[in-house]
Amino acid sequence: MKIFFGKREVEARPGDTIAAALYRSGQRIFSRSFKYHRPRGLVCAAGKCPNCMMNVDGVPNVRTCITPVIDGMKVKGQNAFPSLEHDGLSATQYLDRLMPVGWYYKIFTSRTAWHAVEPFIRRMAGLGEPPAVAAGEYEHGWLHCDVAIVGAGYAGMTAALEASERGSKVTLIDDQSEPGGQLLYRKRSRSGADGLIERLKARSEIRVLQGSYCFGLYEGNLLGVVQPAQRPGTAERLLHVRAGHVVVATGAYETPLVFPNNDLPGVMLATAAQRLMHLFGLQPGRRAVIIGADEDRVGELRDDFREKGTEVVAVVSIEDVVGATGGSEVTGLRCRNRKFSCDLIVVCGPRVPDAGLIAQAGGKLEWNQLQGAFVPTALPHNVSVVGDAAGETISAAFPPPAAGKRSFVCFCSDVSSKDLCDGVAEGFDHIETLKRYTTSTMGPCQGRMCQLMTIGICAQETGRSIADTGVTTSRPPNPSVTLGALAGNSHHPVRRTPLHDAHEELGAVWLDMGDWKRPRYYRTAVATPEKESVQGEYWAVRERAGLIDVSTLGKLDVRGSDAGRLLDKVYTHHFSDLRPGRARYALMCDEAGVILDDGTISRLGDDRYFVTTTTGNLDFVYQWLEWHLAETSWDVRVTNVTGGFGAMNIAGPKARDVLKKLTDCDLSPTAFPYMACRQAEVSGARSLLLRVGFVGETGWEVHCPAEAAEFVWGELLEAGREFGIRPFGIEAQRLLRLEKRHLIVGVDTDALSTPYEADMGWAVKLDKQDFTGKAALAKFASAPPRERLVGFALPGTNVPEDGCAVVVDGKLAGRVTSSRYSPVKQMAIGLAWVRPEKAREGASIGIRQSGRLVPASVTLRPFYDPEGTRLRT
Amino acid sequence: MLIQRSALFYCHQRAGAHFVTHHGWQMPDVFSSLDEEVALVTSGVGIADVSYRIKYDTRIQPAGPGWSLGFGHFLVVSEPPLDPPEGATDVTSVYADLLMAGPFSREVLGKLSSLNLSNESLPNLSCVQGSVAHVHTILRREDLGSMPAFHLLVSREYAESVWQIILQSGREFQANPFGMKALQSLRG
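So the protein sequences, as listed, match chains A and B. The first sequence maps to residues 0 to 872 in numbering that gives the first Met the number 0. The second sequence maps to residues 0 to 187 in numbering that gives the first Met the number 0.
If you are wondering where the hints come from, they were derived from the structure by calculation, not from laboratory data. All C-beta atoms in this analysis are idealised placements derived from N, C-alpha and C, irrespective of residue type, glycine included. Do not rely on the hints blindly, as some may be mistaken.
Okay, the calculated bits of chain A under chain B, using three or more residues with CB under 8 Å as the criterion [claimed, not checked]:
| no. | stretch |
| --- | --- |
| 1 | 470-480 |
| 2 | 638-647 |
| 3 | 674-687 |
| 4 | 707-715 |
Quick list of the computed label-pair ranges, beta carbon to beta carbon [stated by the list, open to error]:
| no. | chain 1 | residue 1 | chain 2 | residue 2 | range |
| --- | --- | --- | --- | --- | --- |
| 5 | B | 133 | A | 625 | 46 to 52 Å |
| 6 | B | 145 | A | 510 | 45 to 51 Å |
| 7 | B | 0 | A | 625 | 38 to 44 Å |
| 8 | A | 589 | B | 102 | 37 to 43 Å |
| 9 | B | 79 | A | 164 | 36 to 42 Å |
| 10 | A | 859 | B | 19 | 30 to 36 Å |
| 11 | A | 25 | B | 133 | 49 to 55 Å |
Between the sequences and the hints, there should be enough to build the whole structure, so can you do that?
Take a look at the structure:
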């Protein structure tokens with residue numbers, strides 16, 4: 000296998016991670032540090048530290064030490080100018096006097112200064128470039144199990160086998176490519192673990208997610224898990240794992256020691272050296288110095304190095320260390336008495352229980368002086384912690400950190416022990432404020448490498464104990480997650496009416512209304528501009544016939560002996576006295592008398608009503624009705640039948656002539672008057688006909704079964720051809736209704752509008768017994784209104800935009816809610832909220848339009864057919 | 000003559016379906032070939048449109064296999080012809096009925112829904128409601144022999160969206176639509 004590293008081709012072996020392949024090829028510098036651009040090499044080789052992050056196939060910040068090689072991968076370094084080996088910006092470390100801890104709070108005190116340098120700082124202190132295109136298709140998934148175990152080390156595997164043998168459904172989540180944890184690279188840990196890995200692999204009931212990391216443990220035992228790409232073309236998959244019980248077996252990780260130049264490439268953790276040797280067959284260096292005091296541990300390392308042919312030059316204790324030497328790689332270690340020449344410094348650092356998930360879930364971490372670690376004490380319900388994560392085998396004295404500006408505590412953001420001491424001296428002596436001020440523990444490693452040392456230094460400098468200093472808060476994600484994985488796929492549900500493809504065929508230009516797609520207008524020839532198309536559709540309705548798809552209207556089937564009673568309660572008009580075969584305008588208000596929704600209600604039978612709602616409020620109205628029913632024992636059933644009906648409104652002086660060709664229903668004005676409803680067949684489809692008139696012409700709403708809607712639509716257009724029928728869209732409909740001064744709830748009304756102010760007092764029947772909003776409405780009926788919704792007209796073709804201010808006597812006095820150019824009036828018309836004193840016929844108001852004040856006159860009557868004769872003929 | 004089409008008619012047409020009139024509805028009979036469709040379902044996952052089935056919403060415990068939607072609230076779904084009883088609300092047109100079948104159908108649904116579809120939580124012939132691909136769905140397990148199969152009832156206007164998302168999410172299992180012929184063959 001091969002990968003491409005910059006311009007270099009690098010051979011890789013099966014089982015290699017990217018970092019292992021690069022290390023074998025001689026690569027020692029893996030990244031440049033965030034602030035000073037110091038060279039950085041492998042430190043943990045376990046995905047815990049920030050040092051190996053690179054750009055892989057366009058994705059930044061990939062932890063290459065745990066990412067398996069795929070043939071042909073393109074890998075490059077990041078945040079280095081021009082290259083990882085030679086980074087000119089590393090000169091910044093010699094300017095460190097100018098960049099003390101918290102330097103930009105101190106230097107950039109004026110806004111202009113900050114804005115001037117911000118782009119440079121952002122570029123210099125980057126963490127890679129965001130990808131130009133998504134790495135592939137991100138997916139989400141859900142998984143349910145009895146027991147979820149995080150970490151497949153000795154403790155995790157044992158727990159998984161035990162739980163599975165007891166009959167539980169087990170999911171085991173592990174961030175390495177093979178189960179085993181330290182059994183795979185530490186020989187001495189293997190006693191008593193014989194055959195454990197094989198037993199786990201043999202037990203197929205256990206679902207093992209390798210290469211997957213758990214970044215969060217949330218309420219109700221929900222685990223956020225990121226799985227690597229499952230197939231070509233896809234990116235990571237985020238799994239929501241819901242478990243009855245969670246076992247945290249994340250183990251412990253080793254952390255660095257603090258001494259001058261402890262960040263040089265070639266200084267690595269003992270576990271990292273062991274990983275390189277045992278997992279990938281690498282020789283980490285030729286001449287090694289071990290810093291460590293534990294004899295067992297040092298003996299183990301000596302054995303490993305002997306096997307690999309690495310000479311152990313010396314074993315020293317941290318107290319004796321003066322500092323590492325070297326430029327781009329380590330060349331030696333200076334101790335108090337002597338100096339050693341070496342190319343590898345192996346650090347046996349303190350081991351820290353990986354208990355971040357416990358803390359996230361609400362567990363407590365307490366300092367245990369004997370173990371030298373924060374260990375979980377109070378565990379959340381149904382969460383347990385086993386193995387090293389519980390602090391079982393941890394015993395380490397706290398190692399003294401060396402002071403110095405090149406003794407790094409936080410590798411993520413180049414925070415040295417001196418910076419932390421300075422932070423405390425400046426008064427940030429609480430661990431949480433020190434964290435925020437220095438940004439230590441806030442980098443991509445999420446404090447894993449530096450938390451313990453930061454707390455130790457804070458304790459030392461303030462003279463408090465570590466227990467009193469406390470631990471910084473651990474939050475998800477732990478570790479970092481890509482935004483793509485969190486966002487998941489771009490599935491967005493779309494609602495299509497049964498006539499969608501028919502509209503497409505007719506050249507519909509679409510308008511998104513919530514999730515719905517509706518034709519805004521129809522393009523008759525490709526070049527026809529919107530204005531002409533809309534005018535054409537408008538005149539067809541006014542002079543001949545038009546057909547519009549209104550299937551998006553909410554439709555509810557309300558039945559039962561108490562159906563009328565329910566509608567009387569939630570709507571402002573009477574409905575229990577509505578005769579079967581009649582329809583009525585319906586207005587819904589809340590307890591405060593504010594308009595919630597409107598529509599029509601038709602009575603289809605003694606115990607059956609058909610309710611329409613506005614497109615956007617269906618779900619709300621349905622729940623509102625159900626909510627009002629919940630406290631009663633009434634015989635009412637409300638069924639949402641919106642999707643079941645295709646609905647179309649045929650309107651215009653010729654509408655009757657068109658429709659009667661397709662139905663036996665008597666459509667004459669006397670047999671089928673305005674605001675009546677009939678059930679009849681239209682083109683053979685059982686339909687409900689409603690004679691309503693939103694657009695102000697003779698017209699019917701035809702509601703037919705959705706599966707037949709396309710057929711009926713086609714038949715209507717065909718039958719209307721001889722009369723010049725045209726399909727019309729939302730834009731023409733909005734213009735037509737505006738000429739009739741019909742309001743649209745939510746467009747012309749807002750969260751404060753009441754029926755009386757909106758000139759809809761006629762739809763409120765205060766003589767009804769009780770209904771929602773009655774008390775408030777009764778008050779409004781007699782009180783002077785705060786403002787009124789009126790019509791306005793202004794000469795010319797300049798149409799004010801929705802939301803334009805109404806100005807009277809130089810003061811703001813209202814706002815425009817809808818406005819269009821009226822072809823019949825040949826002037827701009829609209830609806831506006833104005834002060835009550837201006838709500839009279841002919842009153843003059845000013846409308847501010849593009850900075851100019853334009854005079855307009857108020858009207859309280861419809862602009863078109865004010866008597867409504869066209870509607871009723 | 001009245002033409003009745005499911006919400007997915009044009010979807011099927013674009014996928015090259017050959018149509019057949021089934022109880023008055025134009026339904027896809029075959030997409031590629033009977034054998035190929037059956038093979039894809041039995042080895043991976045397939046999805047069929049059975050929206051023509053009669054559905055009604057009722058508060059009276061039905062005699063046959065009802066889908067329980069809540070306390071005293073049932074949905075009855077049946078092959079036509081069937082006249083809904085007095086008092087029931089006919090919702091045949093309201094819901095598109097998508098049948099997902101195949102050994103990997105649970106895996107595909109697991110990518111689109113947080114519902115627990117395990118054997119213990121959703122035994123055969125039981126019903127659950129929740130969100131699938133961000134759309135409210137009534138889901139009922141109706142295994143075809145030993146092969147897991149799920150009916151997904153979504154409001155008709157969402158059908159095309161859900162259909163496409165299922166096919167897209169099922170690509171790794173070679174998800175494909177199957178027609179009435181393959182369905183009859185799978186039902187045995």
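### Query
the stretch 638-647 of chain A covered by chain B? Criterion: 3 or more residues, Cβ-Cβ distance below 8 Å.
Since three or more residues must qualify, the claim that chain B covers the stretch 638-647 of chain A holds, with 7 doing so at under 8 Å.
### Query
Does the Cβ-Cβ separation between residue 25(A) and residue 133(B) fall within 49 to 55 Å?
Taking Cβ atoms as reference, residue 25(A) and residue 133(B) lie about 50 Å apart, which means the hint holds.
### Query
Lying within 38 to 44 Å: is that true of the beta-carbon distance residue 0(B) to residue 625(A)?
holds, 40 Å
### Message
At least three residues with a C-beta closer than 8 Å to a C-beta of chain B: is that true for the stretch 470-480 of chain A?
### Response
Per the Cβ count (0), the hint is violated.
### Query
Would you say the stretch 674-687 of chain A counts as covered by chain B, given the rule of at least 3 residues with C-beta under 8 Å?
holds (count 3)
### Task
Could you say whether the range 36 to 42 Å given as a hint is met by the Cβ separation of residue 79(B) and residue 164(A)?
For residue 164(A) against residue 79(B), whose Cβ atoms are near 51 Å apart, the range 36 to 42 Å is violated.
### Query
Does the Cβ distance between residue 589(A) and residue 102(B) fall inside 37 to 43 Å?
Violated - the Cβ-Cβ distance for residue 589(A) and residue 102(B), about 51 Å, lies outside 37 to 43 Å.
### Query
Given a hinted range of 46 to 52 Å, is it respected by the beta-carbon distance of residue 133(B) and residue 625(A)?
violated, 22 Å
### Task
Can you let me know if the beta-carbon spacing of residue 859(A) and residue 19(B) is within 30 to 36 Å?
Violated, at about 60 Å.
#### Entry: Claimed coverage, the stretch 707-715 of chain A by chain B - three or more beta carbons nearer than 8 Å
Since 3 is at least three, the answer is holds.
### Consistency of beta-carbon spacing, residue 510(A) to residue 145(B), with hint 45 to 51 Å
holds, 48 Å
When the structure is compared with the earlier hints, violations turn up for hints 1, 5, 8, 9 and 10 and for no others.
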